[in-house]
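**Student:** Residue numbers (this note's numbering), protein chains in the order written: chain A, 1 to 452; chain B, 1 to 604.
Just so you know, these hints were derived from the structure itself, not from any lab. Computed from a predicted structure; not experimentally measured. Ideal placement from N, C-alpha and C gives every residue a C-beta, glycine not left out. Possibly wrong hints are sitting among the right ones.
Pair by pair, the computed Cβ-Cβ distance ranges are [to be verified]:
| no. | chain 1 | residue 1 | chain 2 | residue 2 | range |
| --- | --- | --- | --- | --- | --- |
| 1 | B | E341 | A | G431 | 54 to 64 Å |
| 2 | A | S330 | B | E135 | 47 to 57 Å |
| 3 | A | S330 | B | P362 | 13 to 23 Å |
| 4 | B | P362 | A | A274 | 32 to 42 Å |
| 5 | A | I434 | B | S342 | 49 to 59 Å |
| 6 | A | D136 | B | Q245 | 45 to 55 Å |
| 7 | B | T220 | A | P364 | 51 to 61 Å |
| 8 | B | D475 | A | S330 | 37 to 47 Å |
Take a look at the letters that make up each chain.
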Amino acid sequence: MKKHQPFSKDLPISRRVFNKLSTAGLLTLAFPINRVYSQQDGNKLKRFVPIMVPGGFWQETWMKAGPNGTVAFGEAVKSLEPFADQIVAISGFNNTVAANTRHHFRGMSTMLTGAKVGGDVKAPANGRSMDQMISDKVSSNVQFASIETGFRTMDYVDSKTRFIYSAPKTPKEPIKSAENLYKKLFSGAKPTLANNGAAKSGDEAKFRAKNLRVLDGIRDQINMMNKELVGQDKQQLDFHLDTIREIEKRIELQVNNSVPGACEKPAIGENYAAIEEANILMDLTAQSLICGLTNVASYQINMASARLVYDFLPGQKAYGTKHHHGITHSEPMGDANAKTFFPQVDDFHSTLVARMAKALSDTPEGNGSMLDNTIMMWMTPITTPKNHSHTNMRWMVMGGKGSAPWQTNRYVEVKGEKCFNIHVSVMRAFGFNINSFGDGGGSTGPSSALIT
Amino acid sequence: MNLFYKASLFSVIFLGACMGSQDGEPNTASPSVQKVDFGGDIERGQKLWIEKSCHVCHGTSIKQGTSPIDPVNLKDTNIEKLVDYISDTMPKAYGPESCIGQCANDTAQFMMSWVNGNAGSKDPLEVGDTLACAEQETFRRPSLIRLSPMEYALSLRDLLGLKSLPDMSEFPKEELADGFLYAKSVVTAQSEAYRNTASAVAADIVENFEAKTGCTDNDTTCVKNYYLDLAERAFRAPLSDALQQNLNQIFTDVSTENNAKVGTVAIVEIILQSPFFLYRSAEPIGMGVSGNAADQFINASRLSYLVSGSIPDDKLWADAKAGNLDKNALAQHANRLLNIESNQTYLSREFLARWLKVKNVPAARNDLPLDTRKKYINDALTFIKLTSWGANNGLEKLITKASQGDSTNGVLVDDNERIGILTQPAWMVNYGFADRTRPIGRGVFFAENLLCREVPQFNGDVEFPKPQKGLSVRDRLEIHREDPVCASCHALFDPMGVAFEKYDQFGDTRERDEGKLIDASGDFMTGTDPYSFNDARDLLNFVADTEELRYCAMKNWMAYAYRIEVPKELSCEQKALISSLEGSEGIEKMIVETILKNDFFRGI
Numbered sequence: 001m002k003k004h005q006p007f008s009k010d011l012p013i014s015r016r017v018f019n020k021l022s023t024a025g026l027l028t029l030a031f032p033i034n035r036v037y038s039q040q041d042g043n044k045l046k047r048f049v050p051i052m053v054p055g056g057f058w059q060e061t062w063m064k065a066g067p068n069g070t071v072a073f074g075e076a077v078k079s080l081e082p083f084a085d086q087i088v089a090i091s092g093f094n095n096t097v098a099a100n101t102r103h104h105f106r107g108m109s110t111m112l113t114g115a116k117v118g119g120d121v122k123a124p125a126n127g128r129s130m131d132q133m134i135s136d137k138v139s140s141n142v143q144f145a146s147i148e149t150g151f152r153t154m155d156y157v158d159s160k161t162r163f164i165y166s167a168p169k170t171p172k173e174p175i176k177s178a179e180n181l182y183k184k185l186f187s188g189a190k191p192t193l194a195n196n197g198a199a200k201s202g203d204e205a206k207f208r209a210k211n212l213r214v215l216d217g218i219r220d221q222i223n224m225m226n227k228e229l230v231g232q233d234k235q236q237l238d239f240h241l242d243t244i245r246e247i248e249k250r251i252e253l254q255v256n257n258s259v260p261g262a263c264e265k266p267a268i269g270e271n272y273a274a275i276e277e278a279n280i281l282m283d284l285t286a287q288s289l290i291c292g293l294t295n296v297a298s299y300q301i302n303m304a305s306a307r308l309v310y311d312f313l314p315g316q317k318a319y320g321t322k323h324h325h326g327i328t329h330s331e332p333m334g335d336a337n338a339k340t341f342f343p344q345v346d347d348f349h350s351t352l353v354a355r356m357a358k359a360l361s362d363t364p365e366g367n368g369s370m371l372d373n374t375i376m377m378w379m380t381p382i383t384t385p386k387n388h389s390h391t392n393m394r395w396m397v398m399g400g401k402g403s404a405p406w407q408t409n410r411y412v413e414v415k416g417e418k419c420f421n422i423h424v425s426v427m428r429a430f431g432f433n434i435n436s437f438g439d440g441g442g443s444t445g446p447s448s449a450l451i452t
Numbered sequence: 001m002n003l004f005y006k007a008s009l010f011s012v013i014f015l016g017a018c019m020g021s022q023d024g025e026p027n028t029a030s031p032s033v034q035k036v037d038f039g040g041d042i043e044r045g046q047k048l049w050i051e052k053s054c055h056v057c058h059g060t061s062i063k064q065g066t067s068p069i070d071p072v073n074l075k076d077t078n079i080e081k082l083v084d085y086i087s088d089t090m091p092k093a094y095g096p097e098s099c100i101g102q103c104a105n106d107t108a109q110f111m112m113s114w115v116n117g118n119a120g121s122k123d124p125l126e127v128g129d130t131l132a133c134a135e136q137e138t139f140r141r142p143s144l145i146r147l148s149p150m151e152y153a154l155s156l157r158d159l160l161g162l163k164s165l166p167d168m169s170e171f172p173k174e175e176l177a178d179g180f181l182y183a184k185s186v187v188t189a190q191s192e193a194y195r196n197t198a199s200a201v202a203a204d205i206v207e208n209f210e211a212k213t214g215c216t217d218n219d220t221t222c223v224k225n226y227y228l229d230l231a232e233r234a235f236r237a238p239l240s241d242a243l244q245q246n247l248n249q250i251f252t253d254v255s256t257e258n259n260a261k262v263g264t265v266a267i268v269e270i271i272l273q274s275p276f277f278l279y280r281s282a283e284p285i286g287m288g289v290s291g292n293a294a295d296q297f298i299n300a301s302r303l304s305y306l307v308s309g310s311i312p313d314d315k316l317w318a319d320a321k322a323g324n325l326d327k328n329a330l331a332q333h334a335n336r337l338l339n340i341e342s343n344q345t346y347l348s349r350e351f352l353a354r355w356l357k358v359k360n361v362p363a364a365r366n367d368l369p370l371d372t373r374k375k376y377i378n379d380a381l382t383f384i385k386l387t388s389w390g391a392n393n394g395l396e397k398l399i400t401k402a403s404q405g406d407s408t409n410g411v412l413v414d415d416n417e418r419i420g421i422l423t424q425p426a427w428m429v430n431y432g433f434a435d436r437t438r439p440i441g442r443g444v445f446f447a448e449n450l451l452c453r454e455v456p457q458f459n460g461d462v463e464f465p466k467p468q469k470g471l472s473v474r475d476r477l478e479i480h481r482e483d484p485v486c487a488s489c490h491a492l493f494d495p496m497g498v499a500f501e502k503y504d505q506f507g508d509t510r511e512r513d514e515g516k517l518i519d520a521s522g523d524f525m526t527g528t529d530p531y532s533f534n535d536a537r538d539l540l541n542f543v544a545d546t547e548e549l550r551y552c553a554m555k556n557w558m559a560y561a562y563r564i565e566v567p568k569e570l571s572c573e574q575k576a577l578i579s580s581l582e583g584s585e586g587i588e589k590m591i592v593e594t595i596l597k598n599d600f601f602r603g604i
């Protein structure tokens, strides 16, 4: 009998065993995830996890108002039911910044930035996304300011393919390969000399320590340059220097071993089937939080106007090889095929969201779980597959039970409230003293759904 | 209830249906706010009319659209009431209160101008004055531009004498979808890639120390001269004393603890990750040069990056260092560099192919084999090179030259059906679906990209006539335009798209569509008199000799140079240079003349 080889030198289990664990949602159980490495205990919110799915939510089978304003779960989102006490489902808000044209582009580009769309609707958003701002608050002692994961995302860059922006017009590319994500998370940053073989000729450790801050030697000149710059140009250079500092900090943390070097690394395989691939990417994203490597992690499925063929869902059969976006535009939206297919898509998406929630919920932190100290947002850029619009939209805010200043297990109809009120509330929960978010008058204050 | 209000109420109801009522929920309009002084602006109102999609239901003037505004109603109301009404209820598509204050004032003024006979009012969808220029520059000049991935790769190659371009696979993609835009700032992954590339390059220097530096590792003076020279070329300006001292100090520190090779590694890695290398700036701040002397280096760098995408070559650098780079010398260098084939290739790909959207074949056309897509792009690039540079070539040739050549130069063999780059397969494929042509996309490109006309952006839930046996694309477009609302936009670009119907989505020529002989004729709106053309060749021959095309080329040149969106208008001084695009060698002349304008590209 052929012996199963460990497929990662870091983890002595076989691919078969790993895949089983992963498929069963037990990946996190295979590792000592109770070892939590957060910066500080207590009830303050520590993490932010935006999850973007394309194409709108199928209203009929999504969440609804239950008894006494609680959340009731439609058939497509049953997987979220175990987390009802962490959920605020919000419906009826309008994204007036995106406005009602070029829905996919505008919906995606404004989703986390609230930035007004310029003349070229395809141009990436002219604003920074809220996850990056939150990262500024919560990432002082983690290796990665943020992690961006993408399931079958696109290589090309425009406003409908990206939703995370480190700076205006600077989208962050999601990592869509499990292998690459694994490497990024667990291979460690490389002090430059360690790479190049020159270390052989000297004392690597000494040089490494000096080389941690590569630009320090010419800091005076850089400061002179920076002083002369204003506005966007200055911001551009500042952001660049920030990224260098982030890398240096990561190396420093590794060198000084002040971050959990012992955090268990999951292992990855190759050639996943679609659902397995989506799951492993979500598991790795969850591990990045659980291992304390980052406090801000996003997950994106394909792009705003999904080119994804959901051929791993039975309902796709009726549409052959037509992709999701094509189906929404050229097929009947009220027939039996649609009523079968679109809830299955939501089910696939919500199961992934639940996977992240479970991983965090299973991880103790303080007196509760990691989910209690995390805010997740499940978002889509348009209202429903039927209505490519930005009015009467619905999203879900999850987590933060006991830490966020609002009551959970609620379904709230906000009746025409502005979309970015949600962002105001979430940002305030993370300590930002703001009354509006983005530009273009897209918010009027905190959301009435996210109140104490 | 007055008549206008009734008409408007109808409009509200209609708009609900037109834009997709939201799950049957009632309009939640709230009371108006922010009433201002009624000092609206007609011109701004015209723009808002399109931006807010008012034209979709109300057309572009009185009694137009499916929910027309009756002039009688407008006469019966007044500006105050109109502002109130717009503030409270319009535009439905954007939700209540999305056009209040100045927006409502401007829109109201524009509407009232229809009945007041105001000379400033015009159809917002008519072809505007595409040759307008401004007294002052209307776009922001950046004072800092990060090297594009291609500039970075070329600079590294030329700086270090690499045999080939460095591996860029680790770098995240940052070339944005359209035009000449790149990500504005770097993300961490990019800084990591800069770092790792610097490390790899430094490793190569260590491995081949004597060959690369020309020094033995115990000859400290030689090594210092090597890295100071490297820094100067990388930073494209002489180093200040302080900067030299800093670098020397780092070298000494690291060498003392290790050895000269490791010290060199440290310096090389600093140089290659430094903002002074990775960014081009308006002034050589922090360097050892200022005033007139600084201009020498700024001009050298500016010319070099515009034309070659890399650091100044030895000749240009030597003249800058010697202070010899006056206007005449700069012109000579510009002409010299433009005669170098690699630079022609660079400009063909990075400027012209990007402008004309033939640099890549989009992923959506992966129905075509990769080799085919690559061949089409290479053919297009070759075509651009053969028609744009050298004697008797230029913009007009690029647009109208008959395809010539054979398989040796990669250009499609002349089939007597094609003229200019826009009849090459690369463009046809880019503007084609896998199963059909894309006349609307082609038409929008022609108006928006080739001629820099404003095309309203609308992508609502429009029902377009589906493919049907016996119905040509032209037929379907005509049916679509029977709706005056649709026609109000489509008339601006459909005819130009239909002109190319004799080329299919694979770039092949064809005669029939759905069994019918293709009629590619149409009217090209220009000024007050339309030009009637028979097909794309006819249209291209007409357009190639227009100021409109030349002005658009100049705008794209500015966008290329500054990495900005293509500006709507240039300063009149900049526009004056479009005459340089006339006749042979037009593109080269434009480049040289714009570079010679002393303040033209200041800031890059």
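**Student:** Is it true that A:D136 and B:Q245 lie within 45 to 55 Å of each other by Cβ?
**Tutor:** 35 Å, violated
**Student:** For B:T220 and A:P364, compare the CB-CB distance with the range 51 to 61 Å and indicate the outcome.
**Tutor:** For A:P364 against B:T220, whose Cβ atoms are near 58 Å apart, the range 51 to 61 Å holds.
**Student:** Do the Cβ positions of B:D475 and A:S330 conform to the proposed distance bound of 37 to 47 Å?
**Tutor:** Given range 37 to 47 Å: violated, Cβ gap about 20 Å.
**Student:** Per the hint of 54 to 64 Å, is the separation of the Cβ atoms of B:E341 and A:G431 within bounds?
**Tutor:** Holds, since B:E341 and A:G431 (Cβ atoms, about 58 Å apart) stay within the stated range.
**Student:** Please test the hint of 13 to 23 Å on the beta carbon pair from A:S330 and B:P362.
**Tutor:** 20 Å, holds
**Student:** Given the range 32 to 42 Å, decide if the beta-carbon distance of B:P362 to A:A274 lies inside it.
**Tutor:** 23 Å, violated
**Student:** Is it true that A:S330 and B:E135 lie within 47 to 57 Å of each other by Cβ?
**Tutor:** 49 Å, holds
**Student:** Falls inside 49 to 59 Å, the C-beta gap from A:I434 to B:S342?
**Tutor:** 52 Å, holds
Of the numbered hints stated above, those contradicted by the structure are hints 4, 6 and 8, listed in ascending order.
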